[in-house]
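Undergrad: If you read the protein sequences in the order shown, they are chains C and U. Counting in this note's numbering, the first sequence runs from 686 upward without gaps. Counting in this note's numbering, the second sequence runs from 1332 upward without gaps.
Simulated from the structure, these hints should not be mistaken for lab results. Built from N, CA and C at the ideal position, the CB exists for glycine as well. Among the clues, some could well be false.
Claimed, not checked - In silico EDC-like links for lysine to aspartate or glutamate, alpha-carbon gap of 16 Å or less:
id: 1; chain 1: U; residue 1: LYS2067; chain 2: C; residue 2: GLU990
id: 2; chain 1: C; residue 1: LYS750; chain 2: C; residue 2: GLU768
id: 3; chain 1: U; residue 1: LYS1464; chain 2: C; residue 2: ASP991
id: 4; chain 1: C; residue 1: LYS722; chain 2: U; residue 2: ASP1611
id: 5; chain 1: U; residue 1: LYS1991; chain 2: C; residue 2: ASP724
id: 6; chain 1: C; residue 1: LYS722; chain 2: U; residue 2: GLU1456
id: 7; chain 1: U; residue 1: LYS1991; chain 2: C; residue 2: ASP991
id: 8; chain 1: U; residue 1: LYS2067; chain 2: C; residue 2: ASP991
What the hints assert, rightly or not - So the derived label-pair ranges between C-beta atoms look like this:
id: 9; chain 1: C; residue 1: LYS722; chain 2: U; residue 2: GLY1712; range: 55 to 65 Å
id: 10; chain 1: U; residue 1: ASN1487; chain 2: C; residue 2: THR891; range: 53 to 63 Å
id: 11; chain 1: U; residue 1: GLU1481; chain 2: C; residue 2: SER968; range: 47 to 57 Å
id: 12; chain 1: C; residue 1: THR810; chain 2: U; residue 2: ALA1505; range: 57 to 67 Å
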Amino acid sequence: MRPFRYERPATAARAVAAAGGEAHFLAGGTTMVDLMKLDVMRPERLLDITQLEDGRYDFIDWDGKSLRIGALTAMATLADDDEVRRRVPMLSDALWLAASPQIRKAARIGGNVLQRTRCAYFRDTSYAQCNKREPGSGCAALDGGVTRGHAVLGTSSACIATYPGDFAQSLIALDAVVEILGKDGPRAVRFAELHRQPHSRPDIETTLEEGDLIVAFSIPDADFPRSRYLKVRDRESYAYALASTAGALRMDGDVVADIRIALGGVATVPWRAREAEEMLKGSSISEDGLERAAEAAFAGASTTEDNAYKVDLGKRTMVRTFLELARMEG
Amino acid sequence: MAQNYDPAPEAKSNMGQPIPRYEAVQKVTGAKIYADDLPVPGRAAYGWMVTSAIAKGRITSIDYTAAKSVPGVQLILTHENRPSLADIKTFAGGGLGITDVQPLSGPEVHHDGQPVALIVADTFEAAREASFKLAISYAESSPTATFGDEGTVEKNLSEVNPRYEPIRFNDADAAITNSAHSIDVEYYTPTQHHNAIELFSTTAYWDGPRLVLHEPSQYVWGLRNASASMMEVDAENVRVKSPFVGGAFGSKAALTHRTALAAMAAKQLGRPVKLVAMRDQGFTHSGHRQETRQRVRLGCDANGKLTGYDHRQWEFTARTTPYSNGGLEKTVAMYDFKAARTDNYVVQGDRNVPTFMRSPAEVPTVYALEAAMNELAAKAGIDPVEFRKMNDTRVNPVNGVPYTSRSLNECLDAAAERFGWTGRNPEARSMRDGDWLIGWGCSIAMYPTQMMPSTARLTVRRNGTAFIEVAAHDVGTGCYTIAAQAAGERLGIDPRRIDVRMGDSRLPPGPISGGSISTASVTSAIAKACDLVDERLGVAKDASAEERSAALSGMAMPELEVVGSWVPAGMDESAIESLYKGGVRISGGAGEERTMFAFGAEMVEVRVNERTREVRVPRIVGAFAAGRIMNPRTAHSQYLGGLIWGIGSALHEATEIDHKRARYVNDNIAEYLIPVNADIEQVDIIMVPEVDEEVNILGVKGIGELANVGTPAAITDAIWHATGIRIRDLPVRIEKLL
Ligand SMILES: Cc1cc2nc3c(=O)[nH]c(=O)nc-3n(C[C@H](O)[C@H](O)[C@H](O)COP(=O)(O)OP(=O)(O)OC[C@H]3O[C@@H](n4cnc5c(N)ncnc54)[C@H](O)[C@@H]3O)c2cc1C
Ligand code: SF4
């Protein structure tokens, strides 16, 4: 490993002041330390934020139908929260189905949404080409690489790396808001605006600015008992999604009153399928209708030989999610 | 959720006691000492192996400046400055080397991940940091990754292995062509890596002229001799210690580059050097299961009697070293074929050299045969279990040599009964549960009964305790406990009172721990030693335990030491000499005088989601017969692990290769998938009693590599039964079922 300094700022304000350049936040470290060992991330200073202000950012608060979650809440804590499981199962599901018990215990949800891609060429510095790691160096994946796990939505000619996380799909589906403490004070952005598609600069993954600390996620309308996160993968646990759907449904009799669809495992960023939602709103749930909506959700897909199956699998996953949600007791 | 894990299977006839392995608690509490934990004299230095980032080309220059400036760096070895080493041969050439390319032998790069430098520093961190700063420039050429890629070279195995003979038994072509039912299908099996939890570590230090190696090994005597000849020192002066091995599966049998690297550095620095190939480096350091293509033509008459069998195998190997596992001389012995023909080819590309991996020859070839048996049974409209039973044989059909014992039909019956196979609807897509399609499939498992010469030193004491010393290895199987049981049963001593020492080349030589050889060979040598004790004490061979223990407590001297040595039938005493030289002479399987195999039958249920196509395995049943079972509990573990391994082989395990760069991309255990607990539900194991008086003294057949053979054929057939889709390339991933 390369030498680095480890610090533990006492307050969020001090952490923000200290961050920037090669000074990075350290939450659970399951992404950060992993990538440091691989020499992909080379921080000079690590600012451990896990104990900021005595757990001030580790909370789960309901206020009526709105839910606020501190960014330093462990994945496991949120996954196991009874009220969350009951009132908005898709949040809990997405965490339960992610990683392993050990990782869920260490990792925090702020770090979780910022996890980096699993693209093998990004994670191994012995590959010369990776625009995300070395801007302008090319893309080994697109240049004859193995791309079975890569994205089909939101890709660019510079990068097709998949956003690997699960939980972010539930947040984007729920119209979550990210609360940030920055060098210029606090602000809030829509979760949907947190991640950037690769375009020509896949190295810039978020809209966060230097020193920005995520302090909480808030969901103004979080009551979705009829919601779930369906994850399709190569084995039953401890594997990233090949395709997943965060789905939520509110019915008015037979008619869809509100529907939320986010797609994981298939896109370069957390992916909301708004067109599909629009097509389904106001009608009843049918297999045909779902299939048409799924078609629309993947209309813009761009594939390689290895990952072409993700279009079909992604659609099937979405359809299955809602067929099963429709069967659930409202 | 393993619902019916049975911790202590009962001992049926011809089975020893199901005692827990003695070190079980120490193992699960982390108290057991492995090679890398052994203390070393003085302060160790730490090595980091720098491996090539390209698969083909040459090193044009190395800039050491920045790397050497990292504080604590002591030594950087490359082909430009490494001391001389003698060449070492591979297994095929009678040696123990993993490859024909010697460590740091030149600027040429033959495969991805080839060691190109060793950095040694006072700390691991400094060595690692320096590795980021060692600037190596390459002239790269375009490599050949695998089948179908430009630049492959295909050879008939007989071109590279003069001893190989393709089988031509009657006219298989005509037999197949004239069959009432026949199939002609191709199968593919992927590259797989052992990925034992314990990494490839080596610690080396010198004590004057003597070299000590702490290295997890499946063959300490072999490693001792091979590293001695490589380092050009006297074998007497090399000692290998490997008290326990944290999983090997074949990957710790060979001499790899790291041993010489650590030994050279330790010599140059005059202090111990610790070196570990990291998880990703392990993918290119110590071999893998080669990917194969298999073409099977198979026919049967209108009644379902097999006629002709034609099996051709292509194995993908390194350009430098045409490694092959073969195996078709065994599949032809499985059923009552009337005619057979086999051919084996190697296909070379710019890859590291494959090696043995749990049931090396059997996993791909038996998968292909058994998948073909299932396809033909379906085509002929015969139940696949019945189909196998009606084609059972008591002899190897090719040469007429009888089986010493064969309980395949008993296994099929036992598994079918437990599984509830009878009445399986032969139609595909005939069973479902809601959105889940259900299918059943079956296969046989088999493994050749193989043996190697072994010695064992036995010391019996007047106080009723005993002591066994043999340089065998416990690779996680319970070998220590079984050695004690073997002696205890013969001497009438509680095995708990028998101390066993293994895993040290100072001990009398034992066999390589590969090919499921250990138990059969080591217990035979122990039995010989027990005979010597009888002779020396004047006890009759058929004396009772009481008579024996009376003789022991009545001994004049406090202890008596004997060395038993055993050679398998068909080998002469020179085999023992070869053993002392670290040689590998193995006999068994489809031999010229005996046909020796262990058998099993496996039945599996799968569920496939109709829409998203995930495959689940809610239950699997395996029934196995393998001669005397020394310890049903440890045997149960081997079968359990084997079946789970088989599920992984069918559904999860594969090393992915970048075709353009000929590099492994999922070289970590997050992305190299094996089953996790959630993938495994009900696993049922039945041990069918079997007596075999011919194979060896105790009638033991090896079981470590039995249960994972065939499982993928059972699972692919179950998937076909559920969905109507025949998948012929492994593993079965979701996209193949969409
Ligand atoms: C083997 C393995 C399997 C996995 N499987 C899955 C899976 O199936 N599904 C899944 O979703 N995830 C999976 N993960 C990813 C895992 O969930 C993430 O690594 C984890 O959630 C990251 O959280 P952390 O607290 O450890 O973040 P860290 O590693 O500490 O931080 C990650 C990044 O976020 C930054 N950061 C952290 N907190 C903040 C904050 N509050 N504000 C601003 N920046 C911050 C850090 O500077 C760093 O850049 C897996 C990880 C591993 C190692
Ligand atoms: S897909 Fe993106 S992350 Fe992967 S190699 Fe290409 S640029 Fe790098």
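Undergrad: Which hint numbers does the structure go against, in order from smallest to largest?
TA: The structure breaks hints 3 and 5; every other hint is satisfied.
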